[in-house]
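If you read the sequences in order, they're chains A and B. First residue of the first sequence? That's 1 in the working numbering, and the numbers climb one at a time after it. First residue of the second sequence? That's 1 in the working numbering, and the numbers climb one at a time after it.
If you're looking for bench data, these hints aren't it; they were derived computationally from the structure. There could be a bad hint or two in this list.
As the list claims (entries may be wrong) - When the alpha-carbon atoms are kept at most 20 Å apart in a straight line, the in silico DMTMM-like pairs for lysine to aspartate or glutamate are as follows: (1) A:Lys178 with A:Asp38; (2) B:Lys415 with A:Glu325; (3) B:Lys221 with A:Asp106; (4) A:Lys125 with B:Asp389; (5) A:Lys255 with A:Glu210; (6) A:Lys164 with A:Asp77; (7) B:Lys237 with A:Glu210; (8) A:Lys182 with A:Glu51; (9) B:Lys285 with B:Glu362; (10) B:Lys285 with B:Asp339; (11) A:Lys415 with A:Asp106; (12) A:Lys415 with B:Asp427; (13) A:Lys125 with B:Glu113; (14) B:Lys164 with B:Glu17; (15) A:Lys237 with A:Asp339; (16) A:Lys61 with A:Asp38; (17) B:Lys237 with B:Glu398; (18) A:Lys255 with B:Glu392; (19) A:Lys48 with A:Asp92; (20) A:Lys125 with B:Glu398; (21) A:Lys415 with B:Glu115; (22) B:Lys221 with B:Glu325; (23) B:Lys66 with B:Asp88; (24) A:Lys237 with B:Asp88; (25) B:Lys125 with A:Asp427; (26) B:Lys255 with A:Asp427; (27) A:Lys125 with B:Glu210; (28) B:Lys182 with B:Glu32; (29) A:Lys255 with A:Glu362; (30) A:Lys221 with B:Glu210; (31) B:Lys125 with A:Asp92; (32) B:Lys415 with B:Asp106; (33) B:Lys125 with A:Asp389; (34) A:Lys164 with A:Glu40; (35) B:Lys125 with A:Glu392; (36) B:Lys415 with A:Glu115; (37) A:Lys237 with A:Glu398; (38) B:Lys61 with B:Glu138.
Quick caveat: nothing in here was measured; it's all calculated off a predicted structure.
There are 2 protein chains.
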Amino acid sequence: MRVAVNNEISSDGGDIEQYMAQLGRQARAAAEILAQTDPEAKNDALLKIAEAINQQRELIKAENQKDMRDAELNGLDAALLDRLLLSDARIDAMIEGLRQIVSLPDPVGEISELEYRPSGIQVGKMRVPLGVIGIIYESRPNVTIDAAALCLKSGNASILRGGKEAINSNQAIYQCIKQGLKLAGLPQTCVQVINTIDRSAVGLMLNMQESIDVIIPRGGKSLIERVSSEASIPVIKHLDGLCHVYIDDGANLSKAFDIALNAKTRRYGVCNAMETLLVAESVAKDFLPDMISGLIEKGVELRGSASTRQYNPDAIGVASDEDWETEYLAPILSIKIVDGLEQAITHINHHGSHHTDAIVTEDYSRARQFLRRVDSSSVMVNASTTFSDGFEYGLGAEIGISTDKLHARGPVGLKGLTSQKYIVYGDGHIRH
Amino acid sequence: MRVAVNNEISSDGGDIEQYMAQLGRQARAAAEILAQTDPEAKNDALLKIAEAINQQRELIKAENQKDMRDAELNGLDAALLDRLLLSDARIDAMIEGLRQIVSLPDPVGEISELEYRPSGIQVGKMRVPLGVIGIIYESRPNVTIDAAALCLKSGNASILRGGKEAINSNQAIYQCIKQGLKLAGLPQTCVQVINTIDRSAVGLMLNMQESIDVIIPRGGKSLIERVSSEASIPVIKHLDGLCHVYIDDGANLSKAFDIALNAKTRRYGVCNAMETLLVAESVAKDFLPDMISGLIEKGVELRGSASTRQYNPDAIGVASDEDWETEYLAPILSIKIVDGLEQAITHINHHGSHHTDAIVTEDYSRARQFLRRVDSSSVMVNASTTFSDGFEYGLGAEIGISTDKLHARGPVGLKGLTSQKYIVYGDGHIRH
Chain A
1 MRVAVNNEIS SDGGDIEQYM AQLGRQARAA AEILAQTDPE AKNDALLKIA
51 EAINQQRELI KAENQKDMRD AELNGLDAAL LDRLLLSDAR IDAMIEGLRQ
101 IVSLPDPVGE ISELEYRPSG IQVGKMRVPL GVIGIIYESR PNVTIDAAAL
151 CLKSGNASIL RGGKEAINSN QAIYQCIKQG LKLAGLPQTC VQVINTIDRS
201 AVGLMLNMQE SIDVIIPRGG KSLIERVSSE ASIPVIKHLD GLCHVYIDDG
251 ANLSKAFDIA LNAKTRRYGV CNAMETLLVA ESVAKDFLPD MISGLIEKGV
301 ELRGSASTRQ YNPDAIGVAS DEDWETEYLA PILSIKIVDG LEQAITHINH
351 HGSHHTDAIV TEDYSRARQF LRRVDSSSVM VNASTTFSDG FEYGLGAEIG
401 ISTDKLHARG PVGLKGLTSQ KYIVYGDGHI RH
Chain B
1 MRVAVNNEIS SDGGDIEQYM AQLGRQARAA AEILAQTDPE AKNDALLKIA
51 EAINQQRELI KAENQKDMRD AELNGLDAAL LDRLLLSDAR IDAMIEGLRQ
101 IVSLPDPVGE ISELEYRPSG IQVGKMRVPL GVIGIIYESR PNVTIDAAAL
151 CLKSGNASIL RGGKEAINSN QAIYQCIKQG LKLAGLPQTC VQVINTIDRS
201 AVGLMLNMQE SIDVIIPRGG KSLIERVSSE ASIPVIKHLD GLCHVYIDDG
251 ANLSKAFDIA LNAKTRRYGV CNAMETLLVA ESVAKDFLPD MISGLIEKGV
301 ELRGSASTRQ YNPDAIGVAS DEDWETEYLA PILSIKIVDG LEQAITHINH
351 HGSHHTDAIV TEDYSRARQF LRRVDSSSVM VNASTTFSDG FEYGLGAEIG
401 ISTDKLHARG PVGLKGLTSQ KYIVYGDGHI RH
């Protein structure tokens with residue numbers, strides 16, 4: 001085990017609890033300073049971090065190569081290796097991402113809804129940071145910079161724990177972050193990247209109620225489930241993205257074709273891709289033959305209900321009950337013919353993951369019903385589910401997409417990393 | 001043990017798990033209906049409940065008398081007996097409370113921030129209920145009607161668990177709630193009041209992740225701590241109300257006197273009462289003698305730091321370290337002289353409970369600093385902490401005051417019982 005606190009490598013392998021507790025105390029202290037840091041200083045730090053990354057890109061790539069070699073020796077699969085790799089293009093994207101975050105408005109201190117009350121006091125809300133954010137993610141070193149930057153801009157101290165395969169890459173990036181913070185006059189402990197591959201660090205982190213205000217896991221379902229079940233701290237989480245497109249009786253079938261094809265085939269491994277296509281019975285005959293051909297042409301494997309399969313029994317496999325609840329993240333699609341709106345809404349609310357669901361219809365009342373009644377973080381009319389994304393929604397950047405109900409639903413941007421406190425202005429007012 | 005499901009008393013004492021699971025399923029089903037119920041039907045139900053309570057007030061009082069007799073036999077103390085009692089005046093207040101909630105705007109379905117994005121889609125937010133809310137409270141039967149009404153109006157199904165001493169009162173009130181729901185054509189399971197005094201019901205409730213979306217404990221600190229530590233469901237909680245008033249160097253001392261006196265003496269047993277008075281050293285000599293006399297005149301026991309005690313060593317006791325962290329909820333006040341703003345902010349953020357804190361000052365820069373840097377759910381300038389209240393803030397009603405950071409801070413009204421989902425309007429838009 002490698003434990004480093006303030007750049008000192010500890011020789012004692014048993015002090016992981018002390019190490020984590022120290023990170024927590026340092027984060028809490030840094031959060032108090034960051035909460036009152038003005039936007040200029042935070043932006044300055046972000047730009048200085050970008051410069052440091054640019055200057056030290058050879059070092060970062062060399063450290064990343066160490067991780068890559070170890071990962072290859074350990075037999076990591078190709079997809080994971082790809083995520084671990086830091087190419088020049090990815091480093092450029094990290095730098096560009098930092099500059100974009102600089103250009104976003106600072107959410108902290110925003111005052112809204114200031115109104116005079118009958119008593120004479122003026123009551124409003126002020127946006128404030130959450131405090132200390134813990135982020136747990138997989139072996140994707142670009143997440144380190146992304147998460148650090150979003151937390152910093154929103155005035156939160158962060159404790160970051162990346163996957164063990166990326167430890168050298170993450171520490172190289174962290175050196176750049178520390179350099180940028182220092183040059184901007186901010187405590188280096190505003191961001192802390194856990195420097196040990198000891199797995200118990202995660203368990204400790206999930207229960208540091210005194211020093212961490214919220215945990216955000218970023219990664220696959222098993223990571224998120226572990227974090228949710230073990231954490232005693234509030235978690236902002238994103239479970240499945242089991243998205244539906246429902247082609248309504250009143251759909252314009254040309255729009256329906258384009259939207260469904262885009263929702264399934266734009267990218268397969270993303271959470272906002274369609275996994276189940278629902279088609280109203282009355283339009284199935286006119287809609288499905290072309291749609292099926294279009295999807296097959298793109299190489300999508302189809303699985304359907306019995307009434308769907310009759311359109312092409314050779315090309316459409318049998319959808320089992322499990323298919324309606326599976327996030328394929330692959331060129332596979334389940335298709336179901338439904339009676340109409342009611343059955344579609346019921347199917348979506350019961351089998352879906354409350355992520356993103358769309359209706360295609362020209363019918364005003366049914367569009368309204370769908371918007372109101374589908375219980376998902378994003379509900380769309382005549383648009384592709386692939387738009388469900390922080391950048392597309394104008395948040396500028398996102399730390400993830402929340403499928404929770406409390407605090408934040410849908411893409412979580414800078415504002416999602418803040419809270420609002422009440423402020424009251426008086427002039428000597430007392431309550432009678 | 002008394003277990004009733006759908007008015008059938010079960011003879012089997014061992015089926016509490018089944019009973020709770022059934023309440024959960026029923027609540028989930030009712031929540032789906034309530035989420036799409038229009039404002040008229042919800043208001044109609046609230047008015048019908050008010051009528052039923054008015055008509056059945058003798059029955060309610062008779063059931064309450066049973067609880068009172070049992071409580072007296074069990075030696076409940078006077079304060080608890082007072083909270084348990086349902087007088088005509090309290091029943092009138094319950095009815096008036098229902099009418100006030102009817103008059104509030106319906107939060108559900110509110111669409112805001114609809115903006116066109118460069119891609120051509122229009123993105124906004126729609127306010128939606130949280131789903132099923134579990135409320136755990138003490139033996140105060142008026143909370144039953146208050147909690148049921150706020151959840152109903154905000155489109156949430158509720159499962160209510162009151163203190164065991166109030167079981168007969170609560171069930172009498174619940175009969176009125178069911179009657180009102182029925183007359184308005186809503187499922188009676190929109191509100192469910194747990195009809196058993198088996199304590200294991202609470203433990204079960206705190207872990208019904210499938211059927212309860214959020215738990216709100218209302219009551220003393222021990223209840224809230226138990227709920228927070230045992231719940232696997234998100235909790236909106238209110239721990240202490242350890243409120244401070246800081247009299248700054250730049251204070252108008254006449255306003256300071258009025259605000260401090262009001263903050264401490266308006267009511268003692270409430271969470272927004274001042275518990276610690278902080279006074280800047282430079283004004284202590286001019287301010288404290290009158291303030292001390294005023295407080296003593298009101299019968300307030302004073303405990304002070306050494307420098308404070310010199311103003312009246314006979315009347316001011318010694319404040320121990322513990323005093324700075326104690327919510328007295330009584331006519332007791334701790335007083336500390338501080339160097340100035342910096343020390344005041346540090347004291348408040350470290351010893352306070354992040355509830356409500358006020359500065360009295362005419363100094364623009366220090367007022368701004370205090371507002372920004374005090375990490376409490378309500379931060380005030382030149383106003384009494386006693387204004388920290390849902391009615392005073394214009395929320396119309398409150399289910400409690402949150403000292404949490406996520407989701408809701410400060411008084412939680414109807415909007416605090418809702419969430420926002422994203423909605424997207426397109427016209428066949430696909431993402432390139």
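A quick look at each hint next to the structure:
{"no.": "1", "hint": "A:Lys178 with A:Asp38", "in the structure": "holds (19 Å)"}
{"no.": "2", "hint": "B:Lys415 with A:Glu325", "in the structure": "violated (32 Å)"}
{"no.": "3", "hint": "B:Lys221 with A:Asp106", "in the structure": "violated (36 Å)"}
{"no.": "4", "hint": "A:Lys125 with B:Asp389", "in the structure": "holds (14 Å)"}
{"no.": "5", "hint": "A:Lys255 with A:Glu210", "in the structure": "violated (52 Å)"}
{"no.": "6", "hint": "A:Lys164 with A:Asp77", "in the structure": "holds (15 Å)"}
{"no.": "7", "hint": "B:Lys237 with A:Glu210", "in the structure": "holds (16 Å)"}
{"no.": "8", "hint": "A:Lys182 with A:Glu51", "in the structure": "holds (13 Å)"}
{"no.": "9", "hint": "B:Lys285 with B:Glu362", "in the structure": "holds (18 Å)"}
{"no.": "10", "hint": "B:Lys285 with B:Asp339", "in the structure": "holds (13 Å)"}
{"no.": "11", "hint": "A:Lys415 with A:Asp106", "in the structure": "holds (9 Å)"}
{"no.": "12", "hint": "A:Lys415 with B:Asp427", "in the structure": "violated (28 Å)"}
{"no.": "13", "hint": "A:Lys125 with B:Glu113", "in the structure": "holds (17 Å)"}
{"no.": "14", "hint": "B:Lys164 with B:Glu17", "in the structure": "holds (18 Å)"}
{"no.": "15", "hint": "A:Lys237 with A:Asp339", "in the structure": "violated (34 Å)"}
{"no.": "16", "hint": "A:Lys61 with A:Asp38", "in the structure": "violated (33 Å)"}
{"no.": "17", "hint": "B:Lys237 with B:Glu398", "in the structure": "holds (13 Å)"}
{"no.": "18", "hint": "A:Lys255 with B:Glu392", "in the structure": "violated (50 Å)"}
{"no.": "19", "hint": "A:Lys48 with A:Asp92", "in the structure": "holds (15 Å)"}
{"no.": "20", "hint": "A:Lys125 with B:Glu398", "in the structure": "holds (17 Å)"}
{"no.": "21", "hint": "A:Lys415 with B:Glu115", "in the structure": "holds (17 Å)"}
{"no.": "22", "hint": "B:Lys221 with B:Glu325", "in the structure": "holds (14 Å)"}
{"no.": "23", "hint": "B:Lys66 with B:Asp88", "in the structure": "holds (16 Å)"}
{"no.": "24", "hint": "A:Lys237 with B:Asp88", "in the structure": "violated (48 Å)"}
{"no.": "25", "hint": "B:Lys125 with A:Asp427", "in the structure": "violated (36 Å)"}
{"no.": "26", "hint": "B:Lys255 with A:Asp427", "in the structure": "holds (8 Å)"}
{"no.": "27", "hint": "A:Lys125 with B:Glu210", "in the structure": "violated (33 Å)"}
{"no.": "28", "hint": "B:Lys182 with B:Glu32", "in the structure": "holds (17 Å)"}
{"no.": "29", "hint": "A:Lys255 with A:Glu362", "in the structure": "holds (10 Å)"}
{"no.": "30", "hint": "A:Lys221 with B:Glu210", "in the structure": "holds (18 Å)"}
{"no.": "31", "hint": "B:Lys125 with A:Asp92", "in the structure": "violated (34 Å)"}
{"no.": "32", "hint": "B:Lys415 with B:Asp106", "in the structure": "holds (9 Å)"}
{"no.": "33", "hint": "B:Lys125 with A:Asp389", "in the structure": "holds (14 Å)"}
{"no.": "34", "hint": "A:Lys164 with A:Glu40", "in the structure": "violated (34 Å)"}
{"no.": "35", "hint": "B:Lys125 with A:Glu392", "in the structure": "holds (14 Å)"}
{"no.": "36", "hint": "B:Lys415 with A:Glu115", "in the structure": "holds (17 Å)"}
{"no.": "37", "hint": "A:Lys237 with A:Glu398", "in the structure": "holds (13 Å)"}
{"no.": "38", "hint": "B:Lys61 with B:Glu138", "in the structure": "holds (18 Å)"}
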